[in-house]
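Engineer: Given chain A, work out where chain B should sit, using these hints.
Protein chains: 2
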Amino acid sequence: MLDLKDIYKDYEKYLDKEITLSGWIKSHRKQKEFGFIDFNDGTYLKNLQVVYDNKLSSFESISKLKLGSAIKVKGTLIKSNGNQDFELKASDITLLGDCQDDYPLQSKGRPTREYLREIAYLRPRTNLFNAVFRVRSVAAYAIHKYFQENGYVYFHAPLITSSDCEGAGEMFQVTTLDLEKIAKSGKVDYSKDFFSKQTALTVSGQLEAETFALAYKKAYTFGPTFRAENSNTKTHASEFWMIEPEIAFCDLEGDMDIMEDMLKYVVKYVLDNAKEEMKLFDSFIEKGLIDKLTKLVSSKFTRIDHEDVIKILKEADVKWEFEPEYGEDIAKEHEKYITEYFNGPVFIKNWPKDIKAFYMKQNADGKTVAAVDLEVPGAGELMGGSQREEDYDKLVKRMDELKMDKDSLDWYLNLRKYGGCIHSGFGMGFERLLIYLTGVDNIRDVIPYYRTPGNCDY
Amino acid sequence: MLDLKDIYKDYEKYLDKEITLSGWIKSHRKQKEFGFIDFNDGTYLKNLQVVYDNKLSSFESISKLKLGSAIKVKGTLIKSNGNQDFELKASDITLLGDCQDDYPLQSKGRPTREYLREIAYLRPRTNLFNAVFRVRSVAAYAIHKYFQENGYVYFHAPLITSSDCEGAGEMFQVTTLDLEKIAKSGKVDYSKDFFSKQTALTVSGQLEAETFALAYKKAYTFGPTFRAENSNTKTHASEFWMIEPEIAFCDLEGDMDIMEDMLKYVVKYVLDNAKEEMKLFDSFIEKGLIDKLTKLVSSKFTRIDHEDVIKILKEADVKWEFEPEYGEDIAKEHEKYITEYFNGPVFIKNWPKDIKAFYMKQNADGKTVAAVDLEVPGAGELMGGSQREEDYDKLVKRMDELKMDKDSLDWYLNLRKYGGCIHSGFGMGFERLLIYLTGVDNIRDVIPYYRTPGNCDY
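Same order as they appear, the protein sequences are chains A and B. Take the first sequence: its position 315, counted from the start at 1, is 315 in the working numbering, and no numbers get skipped. Take the second sequence: its position 179, counted from the start at 1, is 179 in the working numbering, and no numbers get skipped.
These are computed hints drawn from the structure, not numbers from a lab. Please note: incorrect hints may appear among the correct ones.
What the hints assert, rightly or not - If you anchor each label on the Cβ, the simulated ranges turn out as follows:
(1) Ser-231/B / Phe-36/A: 55 to 61 Å
(2) Phe-322/B / Ser-57/A: 56 to 62 Å
(3) Lys-275/B / Phe-36/A: 52 to 58 Å
(4) Gly-254/A / Lys-275/B: 28 to 34 Å
(5) Ser-58/A / Lys-275/B: 55 to 61 Å
(6) Arg-117/B / Leu-2/A: 45 to 51 Å
(7) Glu-315/B / Asp-272/A: 56 to 62 Å
(8) Ile-285/B / Lys-5/A: 50 to 56 Å
(9) Ile-290/A / Ile-285/B: 49 to 55 Å
(10) Gly-454/A / Lys-5/B: 47 to 53 Å
(11) Gln-100/B / Phe-358/A: 19 to 25 Å
Claimed, not checked - Under the rule of at most 25 Å between Cα atoms (straight-line distance), these lysine-lysine pairs were calculated in the DSS-like manner:
(12) Lys-30/B / Lys-417/A
(13) Lys-145/A / Lys-406/B
(14) Lys-275/A / Lys-13/A
(15) Lys-403/B / Lys-197/B
All values derive from a computational prediction rather than experimental measurement. Glycine included, each C-beta is placed from N, C-alpha and C at the ideal position.
Isolated chain A, as found in the complex (with noise of 0.2 Å):
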């Protein structure tokens, strides 16, 4: 079956035969002896023309048909005229199936995203959001060639868990009780539930992709996380995908490297294979978006310690909203400007021990621990990783001053009594990922069905 996307990879090879093709109808206009329709099948971002004229016998009934409607078009490929290198002369069209007249996006002017939003169904049909979500999959697809030609293993962590549950506040509780039982019993009986216990929906595959890193040296996670978090925010989703490569054997340089060799990759991908659907962000959504992207694959990545950025933020001849301060975490102001001093992407690394997580590397000044965030020009943080504590000691040392349970992670702590290693990994959320390389700037609109407070259709 001849897809549209065909023809424009190489149309020359299809002038002057006659093909068949079945779609959609884009838009469609008649006059007394001509009819044009712009057609697409969905597997390319630009129309065909296809033009019609009155010798065909069904011309009455062609020129009748809407918007929206599906139909099969026989013809012929000929040099065009117009702007475009070729159109379709139909020699047939077929219905394949009607488009009723409350059909949503049957209307002349362009429906605004909010109300997309709506018809989240819908939405893919139309240029922008049929852009974004190809590009969606050119991305997903850029990052697993990425992992498994650098011989990475795919690892799918587990979703339903029974870890992390500390956090349990910003996380989805799973369950089979019934929960109008529960109301009129007066009681939770855990011991009854799916898996005889409390469970949740996971925040973070990384804690189980180090059990593979340290058997496989290099592994990652390609998968949905989940955040109960109440934020109505342009970046927050309650249910997201994240990529999270861990690597044996390396530390917070080489992780560093990873980063960077992968984003270039990826972003080179992107560019390489969607053109057409760069080009309209480029003009539609973010002026300069090609041109940043283009810089960014060929820029250095600035390494730079928080303490010296901190520094640089003091200096700086600015009026901060939030001050900046050694010790604590810098705000979407600071990260802005110090990519704007580097005029480029920034690996802000060494921070603060107390603001980062319990499994991150210590290191010698007793204040830091090595984890690395990347900033880039125009979209703030876009990754963030760690070398993890190897030591045994050390590890339980920190767990212990956060208060945290040893034993459901006993296994997690035992990775370093087993052949333990130097490792470092980092995640990368796919969506923060599509932001910046479609310009579209709300998390809702680079998610198929997003999943926010209050919001859970389909």
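Structural biologist: Below, chain B without anything else, positioned relative to chain A:
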């Protein structure tokens, strides 16, 4: 950083050169003047023999290194007189991470698969599971490669869903309501739940995938699905990964073409790209496995109606445990018989309407639907698919007959109103494929961290 895999790929490139590798001790034999370490860094199934002698000043301490320890080895790759082509003559061996004496994989005997499930975080370090999870990774990549190279858009179906809630008995509920508070207050108020309504984990992404097929022509999902089924069998897990392609302008015959083409591609890719692993399964898990799979790749799949299958079964000179009947499902023994009868894979199509799902295309006979199951020799049902009912009125009528709630699926019905067309798709359980590919017969052994009733560790 050099990987063991690089050396196995082209060892002559490294012969007589000095190299450095980091990895783990898989076994260690010491003699008076020599020591032999089976070394592996996890990037390749086969070990590398490391030889060291008492000319090294550290001979004594090296000879005490324990199985499971992480080490760094520097040495020269030389031709070997033994069974292998090459070995590493060490000039320096450094301990990176010790392995304690209670290491569960320390013992000489081969641990049972049941025991290894209890230490799932260590089992990828054993040969068998190392091979299984590498094949899992290779097969996952093959699936992405197939669909991406054939122009499909990869689509992430939502995991938390408000659709499908009728099958709620077998779904996991997702909630942020406090169960203890429900018990105390005696009230369940879903308007206070995270999504302001009752939600559950998805059992399939197919319905949403149809929305993407009607925008892109070809789409596929590859993601986790969940079943809260209280089954303790070798083939049931509560959390597993599914591949669900969906294709517009494609009927049941076209669907079968794609199923056959995709399966052959994936099987061939795994045979070509996981050679050592497949040899291991062939030798130790399922004799004849490679032959079975090689035969599948070159075989022509039979296509036969369900009714004709029943006829063959009824005429067979076999004492059935379950008597085959027109209009009914077929049992495992029937699946086995029919693949042996045709000596290869069999598509059984046009199933009785009453035992199949509501969305399947109703055939003109009024009794069957355009559904298909693929039965393969030695594994039974591997995939299932169907043409979808594109007729709005017929679909509504069927949902009414089954007393289904149409309101929550209005978007799904609307697809039939707005340029709907013939379309088809199928589903393949990823773990079912892995069982077929590896010969490992328990689903618990092809999932890194499996979830079954009562089991949710890690």
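Engineer: Kindly indicate which numbered hints from before are broken by the structure, ordering the numbers from low to high.
Structural biologist: The structure breaks hints 8 and 13; every other hint is satisfied.
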